[in-house]
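Q: The lines below spell out each chain.
4 protein chains.
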Amino acid sequence: MTPIKIALIGAGSSYTPELADGLIHSYAELPVDEVAFVDTDAERLQILAALTRRMFAKADIPTRVSTTQDRRAAIAGSMFICTLVRVGGMDARILDERIPLKYGIIGQETTGPGGFAKALRTIPVMVEIAQDVAEVAPDAWIINYTNPSGLITEAVTSYTGARIVGLCSGPFGWTNSVLRAMKVSPARANVDWVGLNHLGWITRVLVDGQDRTDDAIEAAIASGWNIEGDLMRAIRAIPCSYLAYYYHRERALERARTSPQTRGEQVKAIEADLMRTYADPALSEKPALLRQRGGGGYSDVATAAMLAVYHNRGDRQVVNTPSRGAISGLPENAVAEIPCTVDRAGAHPIVIGELPLAVRGLVFAVKSYEQITARAALSGDYRTALQALLAHPLVPSYDVAAPLLDELLAAHRAYLPRFAERH
Amino acid sequence: MTPIKIALIGAGSSYTPELADGLIHSYAELPVDEVAFVDTDAERLQILAALTRRMFAKADIPTRVSTTQDRRAAIAGSMFICTLVRVGGMDARILDERIPLKYGIIGQETTGPGGFAKALRTIPVMVEIAQDVAEVAPDAWIINYTNPSGLITEAVTSYTGARIVGLCSGPFGWTNSVLRAMKVSPARANVDWVGLNHLGWITRVLVDGQDRTDDAIEAAIASGWNIEGDLMRAIRAIPCSYLAYYYHRERALERARTSPQTRGEQVKAIEADLMRTYADPALSEKPALLRQRGGGGYSDVATAAMLAVYHNRGDRQVVNTPSRGAISGLPENAVAEIPCTVDRAGAHPIVIGELPLAVRGLVFAVKSYEQITARAALSGDYRTALQALLAHPLVPSYDVAAPLLDELLAAHRAYLPRFAERH
Amino acid sequence: MTPIKIALIGAGSSYTPELADGLIHSYAELPVDEVAFVDTDAERLQILAALTRRMFAKADIPTRVSTTQDRRAAIAGSMFICTLVRVGGMDARILDERIPLKYGIIGQETTGPGGFAKALRTIPVMVEIAQDVAEVAPDAWIINYTNPSGLITEAVTSYTGARIVGLCSGPFGWTNSVLRAMKVSPARANVDWVGLNHLGWITRVLVDGQDRTDDAIEAAIASGWNIEGDLMRAIRAIPCSYLAYYYHRERALERARTSPQTRGEQVKAIEADLMRTYADPALSEKPALLRQRGGGGYSDVATAAMLAVYHNRGDRQVVNTPSRGAISGLPENAVAEIPCTVDRAGAHPIVIGELPLAVRGLVFAVKSYEQITARAALSGDYRTALQALLAHPLVPSYDVAAPLLDELLAAHRAYLPRFAERH
Amino acid sequence: MTPIKIALIGAGSSYTPELADGLIHSYAELPVDEVAFVDTDAERLQILAALTRRMFAKADIPTRVSTTQDRRAAIAGSMFICTLVRVGGMDARILDERIPLKYGIIGQETTGPGGFAKALRTIPVMVEIAQDVAEVAPDAWIINYTNPSGLITEAVTSYTGARIVGLCSGPFGWTNSVLRAMKVSPARANVDWVGLNHLGWITRVLVDGQDRTDDAIEAAIASGWNIEGDLMRAIRAIPCSYLAYYYHRERALERARTSPQTRGEQVKAIEADLMRTYADPALSEKPALLRQRGGGGYSDVATAAMLAVYHNRGDRQVVNTPSRGAISGLPENAVAEIPCTVDRAGAHPIVIGELPLAVRGLVFAVKSYEQITARAALSGDYRTALQALLAHPLVPSYDVAAPLLDELLAAHRAYLPRFAERH
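Just so you know, the protein sequences line up as chains D, V, R and B, in that order. Taking our numbering, the leading residue of the first sequence gets 1, the next gets one more, and so forth. Taking our numbering, the leading residue of the second sequence gets 1, the next gets one more, and so forth. Taking our numbering, the leading residue of the third sequence gets 1, the next gets one more, and so forth. Taking our numbering, the leading residue of the fourth sequence gets 1, the next gets one more, and so forth.
Check the hints yourself; a few may be wrong.
No farther apart than 25 Å at their CA atoms in a straight line, the calculated lysine-lysine pairs in the DSS-like style are these [claimed, not checked]:
(1) Lys102(V) with Lys102(D)
(2) Lys102(B) with Lys102(R)
(3) Lys183(D) with Lys58(D)
(4) Lys268(V) with Lys102(V)
If you are wondering where the hints come from, they were derived from the structure by calculation, not from laboratory data.
So that you can see chain D by itself, here it is in the shape it has in the complex:
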């Protein structure tokens, strides 16, 4: 049996104990021999490695934790490369959240101009990692949790030969929320999920083979879904929570403007606490505080994907992958977040066909924005970047896009070397 090695790129992430916890709980099925921790922040790398070792020891699993700053060494011999990087750190995120607000647009880590700026910073780094994987461990799978996860997967599959599955805990979580609200066990249900990362909808719910979509909508409404009930009734679909940034953009903007802190500012404070906690040699399990940070789903979807690949399971998971014709009309190489079977050969999209008209336009528009953004991030071309922002449905006009782009590029100059060179 080949020993199982996992490379963890961005191991200094505050989420790492989630993944460690997941590896502990799935050890019987996925007996990992070594996790190679890599991070550009040496201090956080050591803190997280030490904590993980204590967690593994307490759980009595023999998985080794190694640390390195040599990314290619970590990748070599790995079966999975888990990627969770944040280029520019939490300070860059806060800029992503703050700057668009000045232009009357919500600031958000993945949606809108904030997600655009994050993509510009992150795609070149993730593509370099993927090129390393393609060279050093061509059979390995990148298990990506770096945001914007769909766009990262788009860039990696379009511009490298690496294998990648793009994850988000959302589809699993939202689907379960709806079924819980309906008091229906997942085993009795068939839920159609369509769309892109952070731009997905539940478009049909069958229970025991009967169409119960309308009941599902009412249950979501009763459960306090963050989208108006009449809207869901009109489109006959349940949007994921991020779609409130589109459907209720004025409310979201108002909330952001009146909020004393952005989410990034909150998280920055939580993370400082977390790091102190993690560094405590007495700690040998996932601390309760981590729940405030969010991301509990990370471990679930990452281990589910690794188990499906490792055991060649072919079970159904909603992941980000090239859609290859699964959605009628979408370019075949376009990455979507769609139901797939996942096995040793990767993620295989299950046919969706024509999207409902109520969601089709937004999906195609955002997908065009994403494809232009990947091109802009890698080329460092100013005009392409402007084209991308113009294509974003949340950016109202050129008159907003142009100065907003200039401010974003200036603010993040240090993390956008490709633009610096050429602009």
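Starting from the known structure of chain D, fit chains V, R and B onto it as the hints suggest.
A: Quick look at chains V, R and B alone, frame taken from chain D:
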């Protein structure tokens, strides 16, 4: 030789003298025997019929002008049915222009919520006309100039068996403006035009076989195009003037808000003058005042289409027609405004392929909006109408769409019987 | 819990004990309350019902066996309708095998003109059954094993609203044969299967995630596959055994011509024996003789499909179902035999994309033949039937097709009422 | 005004006087300054150049005729490169005609295994010419008349960046034959032509806008079309004459087998006569004997294409060009012989949509064969060549394909250097 009869539905339009003038000038090639005038407004019908008779007499052509309020009688035996109707008249248009402004959205006859309201009023009427044509003159061609022309064509081709070519003078006009600015004769140029009605772009200009797209953009800028030059450079395309409602929406909104009159209000005044002028028995030609009304291109494109059909010419014209795969990914039945060959068998799209990413998202989004709108107009279903407004890129959110829809439906209640019945 | 009822149309089939055996073995997972036996042959119906009752009794499962000649009564209340009918019986099959031989074409039950004649006889009957299902039990699934299975599924999905899964034991069997020859357990393998019913290929074999297609071909050769090794090396795929009728048609023809009996003649004799055996009141299990009849896989794939639907499993099965874009370029409604996930909502194709060039042409050609054949069978139109035969790759020319068609139509006149009426 | 230069590759062809005649007749519209003659056969090159000079002189046009064996020099500065080459000469053609007969398959220059062998010999040469054009005259258009014309165009567009229009006089000729038989002038007709080179059908004929397809079929039958009338009635289409090799293959084979000479053998004799005639200094016009050689249409379609490009006409011509989605389901880069508008920017396919089922299968099958053949010709890979022959609908089986391939490769070894190297 079959005698040529044309039915003119909406003959009381102030544009009718344009068409009459066109028929005079093309008489040698298209020797029309009879034009059957139909209008629900009996007074305007008689004024325009009398003027047209005087014009034909002065031009010394033998074309007869008949009048009737029996639409099917007019259609019977016709080779062409020219349609130019305005359900609700100029007062309804003014509401279309005024109401959206309250919600911070431009009010416009064809673009945005104004065009949406016009579509709801007009589609059922045009579909009824088309059903008459399909029954009474199944081989005849509807030459449609009723706005929103693309959406009308979409509805007629999706819901009836009638033959229709949807016209707009824009593509011809904008293309010529650019070539004039470049000082290039059309014979030397190959201009790629893509998109939907009032949502089109010039995406490539060849001169003598050489790509001169960048020069074309600079020439458009120098000629005072209504779109920012840097935007055109970024998307490497020349948008049609209606796209300023998208790319410069704040400017357009500001202009509308500060303008003492909407275009509809101006036109209403002009039309009153025009009708007085038309009624003057001394007038026997197209009056100069008509130029202020606009629409000179109507006659050009309508006679071009009729000539192409009548003479089986197969020449290239940009018209609205089901795209049938000409644009990759667009549903095959979706109507687009694209280059076609036009002959006795109708309009045949010339293959375009993948749209440039810079325009693809907007085209697909607006096309989805249009397809939902056609469905809403014919079903009179409130939720479908809400779905349509939500799908429109100029409508920012549900929180704007819902009250805006309510106000539009209430304001136009008299012209929306299908909604009255069901809502 | 809803009681589980299965209708078994064509219950007088000699294969029925296979299915009975399958129901016994899967009773713990699929506790069937009633199997309603239907057959037009009253005698065989009673023999098989009695045997099945004895089998269920011996196995100590409480499943009831009812018999009726009222098809709709049997269908009403059923969760599954298993269909296995043979219009014209074994005598018609023998004609299907004998007649084409005179024209130099192999005679075969499903492939070539024989399968064509079978389709003409069978499709109208299966479509009538499906219409009953659509009316009487619209939520039920037809589990079809009637041949030609792909063509039946094509006709039922194109011309009725019934739910159907078209089965064949081949893909499962051939895949396992190859893996056995490679000495690889299915759990370690990912096998790409593409094509149509009785026209499929294994186009890729991964073992532990590594491409071992070439090894799979060599293993198939070594195992005595019925296709030449150099051919498989040239197309880099392993064809299913029925493809020998295409790739080695002269050999197949020679074998048929020199064989004293057709397969149908053999089976007729076996079936006579089987019926005598079945009628023996002492028999209460599947007799050994049935193995000679073949079709052991029937029970496996039928119970697998029913279990997947009943338990909402979503596991991967190769079935015949509308491909909905899973194969690039194939019309969306075209039925193909492809990997799907099967659950309570039916069979969901997994995306395949572009077929390898080496197999694409034959798949598209046979699919066109099938679509024309379905149309011919239901219309009873002679010209359409001729069009179908002309489209079949095994029919060399019009000069063969025309007299062959005439002879087939004449020979089967009694079972082709739609042609009788119109021709 | 740029001087017009044409390079004529394969100028020693016996067809060259046809083209010379065409240039004379179209001189007013296409005032060519120079035709650069290139041929590997120096003697024929001089004979044809001298004759062409005499023809131009007699016609009193100033077009110069230059000769060279430096292909790139001829191409440099050219606006059009007319290609008409025959690799291996008439002797190779005769082998293409003779060898397949031994295997019970018609031998023919473009259809079947003969066309396959011709393609293997010719594609590498034409691709090299095209690479020269792409480098030396990237804006020039290759006007190809080399057979198999569709396959050549497929290879050139798939593997080089050169511009090419693939011509055949067939579609124009067959269409006119049908209209003549109907006594209908082309101006009143709309004729749908679909398919591939030498594999086309007339699928609809409108006259004055009315469907007269059935009348067209009867007229073709009455005119002595080489396809059975009942077949045309069954498929409701008029096949091009080459389709007799498919629909009546036994007749074609019998004719070939009983014919004392193949067409190549006849042509070889005619050509010897022609060359003697051409060499006669007294000859200064196209000799009557050339009519026996055939190919009168060459000049018509070549000058039509050049005029359309030169004058940016955009008129409708049926040419071989990448279909780009014009035929539903066909790969976008697949070359088809379809109606296009031809202008300065090249050939632009007019949308066809779904092919009629009666012809779809054969088109897709032959297109797959062509795409494999292009790959085989350029790679020199034996297995790919075998794959190609197996994919050809006229090759019945592997058992025929394998020895036939071996004999073809051996017979043409001298002209298949890529196979020699690798096999």
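Q: Of the hints given before, which are not true for this structure?
A: Number 3 - this is the single hint that the structure violates.
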